[in-house]
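Put chains B and C on the given structure of chain A with help from the hints.
Each chain, letter by letter, is given below.
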Amino acid sequence: MSQIVFDAVRHGYRTKGRAEMVALSDVNLTVEQGEFVSLLGPSGCGKSTLLYLLGGFVPLQSGRILMEGKPVTGPGPDRGVVFQNFALFPWKTVRQNIAYGLERQGLTAQARTERVQQFIDMVQLRGFEDSFPSQLSGGMRQRVAIARTLAVDPRVLLMDEPFGALDAQTREIMHEELLAIMRRTPMTTIFVTHDVREAVYLSDRVAVMSSRPGRIKEVVTIDLGPRTGPDIMKSAKFNEYVEYLWSQVKTDAVKAMQ
Amino acid sequence: MARLISFFEATGSLFAILLLWYLATRYGTLSEFLLPSPASVLARIADDTASGDLPTSLLLTLRTAGLGFAIAALAGTTLGIAMARIRLVHWFFDPLISLGFPMPKIAFLPVFLLWLGPTAASQITIVAVSAIFPVVVAAFSGAEGVEKTQLWSARSLGASRHGLLWQIVLPAITPQLFTGLQIALPVALVTTIVAEMLTGSDGIGGIMLGAMRFADSAGVFAYIIVIAIAGTLVFRGMERLRARLLRWHPEQSH
Amino acid sequence: MRLIDFLIRWSPLAILALAWEAAPRLGLINPQSLPPLSVVAVSLWQLAASGDLLTNGLQSLWRLVAGLGLAILIGVPLGAAMASNRIVNVIVAPIARALYPMPKSALIPVLLLWLGLGNASKITLIFLGCLLPVLMSAYNGVRGVEPVMLWSARSFGRGPLSVLFGVAVPAAMPELLAGIRSALALSFVLLVSSEFLMARDGLGYLISFLGDGGAYAPMFAAVIVVSSLGFAADRLFLGLMRRMLAWRG
Chain A
367 MSQIVFDAVR HGYRTKGRAE MVALSDVNLT VEQGEFVSLL GPSGCGKSTL LYLLGGFVPL
427 QSGRILMEGK PVTGPGPDRG VVFQNFALFP WKTVRQNIAY GLERQGLTAQ ARTERVQQFI
487 DMVQLRGFED SFPSQLSGGM RQRVAIARTL AVDPRVLLMD EPFGALDAQT REIMHEELLA
547 IMRRTPMTTI FVTHDVREAV YLSDRVAVMS SRPGRIKEVV TIDLGPRTGP DIMKSAKFNE
607 YVEYLWSQVK TDAVKAMQ
Chain B
174 MARLISFFEA TGSLFAILLL WYLATRYGTL SEFLLPSPAS VLARIADDTA SGDLPTSLLL
234 TLRTAGLGFA IAALAGTTLG IAMARIRLVH WFFDPLISLG FPMPKIAFLP VFLLWLGPTA
294 ASQITIVAVS AIFPVVVAAF SGAEGVEKTQ LWSARSLGAS RHGLLWQIVL PAITPQLFTG
354 LQIALPVALV TTIVAEMLTG SDGIGGIMLG AMRFADSAGV FAYIIVIAIA GTLVFRGMER
414 LRARLLRWHP EQSH
Chain C
-16 MRLIDFLIRW SPLAILALAW EAAPRLGLIN PQSLPPLSVV AVSLWQLAAS GDLLTNGLQS
44 LWRLVAGLGL AILIGVPLGA AMASNRIVNV IVAPIARALY PMPKSALIPV LLLWLGLGNA
104 SKITLIFLGC LLPVLMSAYN GVRGVEPVML WSARSFGRGP LSVLFGVAVP AAMPELLAGI
164 RSALALSFVL LVSSEFLMAR DGLGYLISFL GDGGAYAPMF AAVIVVSSLG FAADRLFLGL
224 MRRMLAWRG
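Line order of the protein sequences matches chains A, B and C. For the first sequence, this note's numbering begins at 367 and goes up steadily by one. For the second sequence, this note's numbering begins at 174 and goes up steadily by one. For the third sequence, this note's numbering begins at -16 and goes up steadily by one.
These are calculated hints, taken from the structure and not from any lab test. It should be emphasised that the depicted structure is a prediction, and the values quoted were computed from it without experimental measurement. Glycine is no exception: its CB is placed at the ideal position from the N, C-alpha and C atoms. Some hints here could point you the wrong way.
[As the list claims (entries may be wrong)] Listed below are the simulated DSBU-like cross-link pairs for lysine-lysine, each with C-alpha atoms no more than 30 Å apart in a straight line:
{"id": "1", "chain 1": "A", "residue 1": "436", "chain 2": "B", "residue 2": "321"}
{"id": "2", "chain 1": "B", "residue 1": "321", "chain 2": "A", "residue 2": "458"}
{"id": "3", "chain 1": "A", "residue 1": "616", "chain 2": "A", "residue 2": "603"}
{"id": "4", "chain 1": "A", "residue 1": "603", "chain 2": "A", "residue 2": "583"}
{"id": "5", "chain 1": "A", "residue 1": "600", "chain 2": "A", "residue 2": "616"}
{"id": "6", "chain 1": "A", "residue 1": "583", "chain 2": "A", "residue 2": "616"}
[Unchecked claim] Sample of chain B residues lacking proximity to chain A, with all beta carbon distances greater than 10 Å (derived):
{"id": "7", "residue": "193"}
{"id": "8", "residue": "200"}
{"id": "9", "residue": "201"}
{"id": "10", "residue": "248"}
{"id": "11", "residue": "273"}
{"id": "12", "residue": "274"}
Chain A with its partners taken away, still in its complex shape (with noise of 0.2 Å):
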């Protein structure tokens, strides 16, 4: 039995005296255990409208979802997200976000705290325990981020744009940071991008998604074996995959400027 599984999941937004605009449409997948997938596609797709939807945050309208053989009612911590905004609580230090979710687990104080610094640790924020939100950098900001959610031990990772709001160069940082992460501790996980490179370097399989309606255009299984460092960028087969995706979102991608 596949660990996720969307089965004809349509879903509309209602705006005051207009017609309904349809965001997603007889969207199809299935998600083994351990698959890191992607979402890929142009803004206005609905990619993270899935993603909210599979989250629970946004009510199902037609068709089902299924997490481990249920139908998903609402948010619960088996579903773990991390938001392209961070979503921390500025008001919580660093350590405080990271022990939110775990305070709500029933552990004894010792075992908590344990836990806290073993994932500060493990995204490397030793030094910075005190610290507020605010005080840390974009970057910084996400590993705490991916912390929180990491440390209540959810069973599958749903990440939402998660490194759009960073430049560059930490971008290329967060992705070397996640695969090692998986790499300890294999997780399914859900990826929202608009990112062909992005994409490609960290999936199993990218589905390629077209907009108005938003539905799956295309599921394609990247076959690059392990990921062993940035080197693999420069692979021929890497790039022959990002050309052929980037041919099959650029004509959405274009069409969602207009």
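Then chains B and C, alone, in the frame of chain A:
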């Protein structure tokens, strides 16, 4: 040396005013009735402090202002958040708030006096009514502006719907809430003094008006100085509290 | 469509008006404490017809305009000068800072002592009360003007005064107008308070006079008039503000 200069710059003109005041009463032609000397005003403050009259009336004033302000803060925050989250509440209160905000609420004081008599209750009511509007507006716009993703993150980290209010919404709106409270605080003080004058209370306002009726200028001046100092301390306290609670806020660093 | 939106938005006021009319008529509230709205409306008409509203209203309006006008006339240049001149700042800032937290209504007895029951005491009270908010907003506004803007104005060969009023004051306008708006609200509070306590005419006096005489329906009418004036003044000023700040888009 540099510290001495900056101290002088920060207070010099205040001392100059005091000196002018002294010289005017010492060598000027103004009567003690129109402008009592600093010495007699100070003596008056000392006497009334020693007799216990001044501390009693100051405490009474602070109690009225404090209770009215606290009611405005609690009710205003609750209403503002409720307006942001419950459509029906928003529908009902939005026109009342936008209509009531710019009105001089003090005009309703005679109405409360009619309903509640010249009591502490009517004073506290008019203070709360005057001070609540900026709090409601601040809490409402704060709660409206809470990031959806913050609420979603908290939910997916295991927070209950009920928990969101205390764990996310309330801390997230504190910066805006404090801006509202800092607008409401002087309103509460101004209103308290007027309400005390009109109800003949034993608070500072009532005592001042009484002193004026008996042509007791030293008394009037003494209590002006007392309320000015008390106001300063209350404002400082509020700023301290803000700085403490909003340590995490980027605007707080300066 | 827009009419329906308007009706839905303001219908709570209609509900309240209905409750105001019904509660005393049904005996839920003593009509002495709250005369039915229709009775208040009739009183309002009578007050207006008798001319009491107009004479007292004009008196109050004059105090308001004079006090607030003086505060703007003196507060704006003084605040701007404070922001751009160190000596002015050293002289004015400590006094402004010391007086800012004082509840201005505490000045009512002194002003009564000094200036008596006439216009002067009220105008002075409103002037003193509004001076600080106007001054501080002009100060903060001008201080916040980008130095680049001032330099470029200076480099066009303008003198310091011309720069102050030609560049700095317009750039400080948003902050300044916000300050004047809060001063406007305060001026109404001080006007009504002082007329309650020390006057022989004016709308505040009218309210307390009617209340003391047990004429509660006209008292409610006068309270409504004063509140509506406060609301209308704020809306007018808001409209003016939007117009003046149209360049900000």
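Q: Find the hints from earlier in the document that the structure breaks and name them by number, from lowest to highest.
A: Every hint satisfied by this model.
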